[in-house]
Amino acid sequence: MPHVATYVRLAQHAEQALADSFRTVAEGHPQQADIFYTCRALAAMSDAHVAALKPLTRRYQEQTDAEDLEEPERLHTAGLPAIRQGQVGLLRDLQDLHLLATLVQTTWTVLAQGAQGLRDSELLQVATDSNTETSRQLSWLVTRMKAAAPQALIVAP
Amino acid sequence: MLQGFYQSHQATAAAVAVNNLHLLRGMIGRPGAGILQMNGQPTAQNNRECGADGDLPGFRNWDNQQHVRDLAELWNVDPVTIPHWAPPTNAMEIFGYAQDGSIGFLWISATNPAVSMPESARIRNILAGDQCFVVVQDLFLTETGQLADVVLPAAGWGEKTGTFTNASRTVHLSERAVNPPGQARSDLDIFLMYADAMDFRDKDGAPLIGWRTPEQAFDAWRRATAGRPVDYTGLSYQLLRGPTGIPWPVNQDTPDGTDRLYTEPVFPTDTDHCETYGHDLLTGGAVTEQEHRALAPSGRALLKGCAYTPAHEQPSGEYPLFYTTGRTVYQFHTRTKTRRSRSLNDAAPDAWVEINPDDARAYGISEGDLVRVESPRGAIQVRARVGNVMRGAVFAPFHYGFDPEQLHHEPAEGGLSTQANELTMTIWDPVSKQPYFKTAACRVSKVRGGDGPSTAPTTAASAPASVTAVPPTRGGQPTSSRVIPSPDYPNDPAGTTPPASPADMSGRS
Chain A
0 MPHVATYVRL
10 AQHAEQALAD
20 SFRTVAEGHP
30 QQADIFYTCR
40 ALAAMSDAHV
50 AALKPLTRRY
60 QEQTDAEDLE
70 EPERLHTAGL
80 PAIRQGQVGL
90 LRDLQDLHLL
100 ATLVQTTWTV
110 LAQGAQGLRD
120 SELLQVATDS
130 NTETSRQLSW
140 LVTRMKAAAP
150 QALIVAP
Chain B
0 MLQGFYQSHQ
10 ATAAAVAVNN
20 LHLLRGMIGR
30 PGAGILQMNG
40 QPTAQNNREC
50 GADGDLPGFR
60 NWDNQQHVRD
70 LAELWNVDPV
80 TIPHWAPPTN
90 AMEIFGYAQD
100 GSIGFLWISA
110 TNPAVSMPES
120 ARIRNILAGD
130 QCFVVVQDLF
140 LTETGQLADV
150 VLPAAGWGEK
160 TGTFTNASRT
170 VHLSERAVNP
180 PGQARSDLDI
190 FLMYADAMDF
200 RDKDGAPLIG
210 WRTPEQAFDA
220 WRRATAGRPV
230 DYTGLSYQLL
240 RGPTGIPWPV
250 NQDTPDGTDR
260 LYTEPVFPTD
270 TDHCETYGHD
280 LLTGGAVTEQ
290 EHRALAPSGR
300 ALLKGCAYTP
310 AHEQPSGEYP
320 LFYTTGRTVY
330 QFHTRTKTRR
340 SRSLNDAAPD
350 AWVEINPDDA
360 RAYGISEGDL
370 VRVESPRGAI
380 QVRARVGNVM
390 RGAVFAPFHY
400 GFDPEQLHHE
410 PAEGGLSTQA
420 NELTMTIWDP
430 VSKQPYFKTA
440 ACRVSKVRGG
450 DGPSTAPTTA
460 ASAPASVTAV
470 PPTRGGQPTS
480 SRVIPSPDYP
490 NDPAGTTPPA
500 SPADMSGRS
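In the order they appear, the protein sequences are chains A and B. No gaps in the numbering here: position 99 of the first sequence is 98 in numbering that gives the first Met the number 0, and each next residue is one more. No gaps in the numbering here: position 292 of the second sequence is 291 in numbering that gives the first Met the number 0, and each next residue is one more.
Derived by calculation from the structure, the hints in this document are not laboratory data. Careful, some of the hints might be misleading.
[As the list claims (entries may be wrong)] Keeping only pairs whose Cα atoms sit at most 20 Å apart, straight-line, the calculated EDC-like set for lysine to aspartate or glutamate is:
(1) A:K145 - B:D54
(2) A:K145 - B:E288
(3) A:K145 - B:E290
(4) B:K303 - A:D128
(5) A:K145 - B:D99
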């Protein structure tokens, strides 16, 4: 089961990147009050997933031989380094967050499958609960992009 | 308890929690357990029904293609001309776009955002800036009107004809008693002049607006409500002339109106019928049609909830007190009318803040002292009422705008403003889009001692903690009135007349 450990770490990294990116977008668009506060709330959601996964990361690391922990190349994703300006920039930032959240969600899906194979109910619980909340993050991103799009594409200066 | 819920943190979630409790306890659809819409103004009900707050008329669902097609057919327009490709742009977003300059024209009718919207300095800048052309239509020259590019004088309620619907769904006809003064016109006439100037056409090239009088407009509205929960089809000006108002739905099945909704536990939740598929109460993320359909609501009520989150701004070392705003019974909204009613204005003539006796002692503040209240966004200078507000919190009534003599000026350095919204935050509920007026942090300091108690009313929530220190608020001169013969109200539960229609009785026994 060496690759479960790899995916546990991938989940951890991807959630952390998503949390940091939500914060980057929040801090970068403070004049958009709902973006600022909602992104911070959603960052906290991802932080909680990382925290819930922590004991499992430790457990799987201990159970896995050191040489098996070598991760394949280009496994991890980088979060958003900086925000873009203006209404169109905000739209594009939300798209990037959506991409990241999709990666997070499919990672939880994959991990839930592994957890079921291993009969690891603790991991299954974390993966399932987190997946549900990732859906909420994605749902907000789609709603907010739809709201922003007409104004941004047609009349934004 | 109205605005205390829906203008506070997690407003929709809190309101939904109240509804959940009523549903779980079966407290609905019988005497003592009626349903009233949570509205601030008596006619806010109309606004919501007819789509004046940005939604589609008749509680139609912008996300339901069939609802949009029905409306397009009624108006004889291409469905794509009815904006429904995104949720309605709410007032807070409109001001954001006006700030950015992507909305370049604002038409403000019968409201006073320069005083009533949060973070006043920001709102003033948007209204006064050159990036957005502002038209204000109102009865009086309001604080917002002073910042407008064009002001359109509008008629008051006694100067025009139209219907009002109150929070119990009861529709009333209000007929013109006197002509509007000077150049003032009714809102309907002003908007019709605009429609004529814009030459709006339907898809066959005929004028889009086919009605000219209030009654014709009402008949057009009745047609728009057919088959919707807010069914006005059975109403007419003739029926509304007396003896009393009539609660909707009024149609062939319920020609006398409907006193009570949900006497049977069937709710308008069917996916094809509902006004909205719902939202995530934390984020406002929209539930999709497929997700809603999968719940198979079909008239069942849905219980929703979300986890508690702390308010956006918490007291800190720098701003150690909670700041909350609200109303006093003697003034309405931004006092556009009530400041001109002598008895009401004399009862609550000037702004104040309420502070708890323990906090007052800690800050060296006595009843009537001039105090400065600051948040990260602004400051006010008003007199203190040492009152019954909870410890650690400061309450300010939001009614009091600028001194009319100083309307053109920003509050001078040192904070002459008395306007509670100088301090509030630009943030709104993710679902209802109501701004949050109830949660912020502030600090208070004494500016100078007062020459007497604050003029805050002693008869309302602003009563002083120590009754001996303050003279009581008294009413004005008695008003004159005459007794008119009481009509026989058909919907009065205490009345003697049996209901006219047996159909109306079904489901009540």
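Q. Honestly, which of those hints from before does the structure not fit?
A. none
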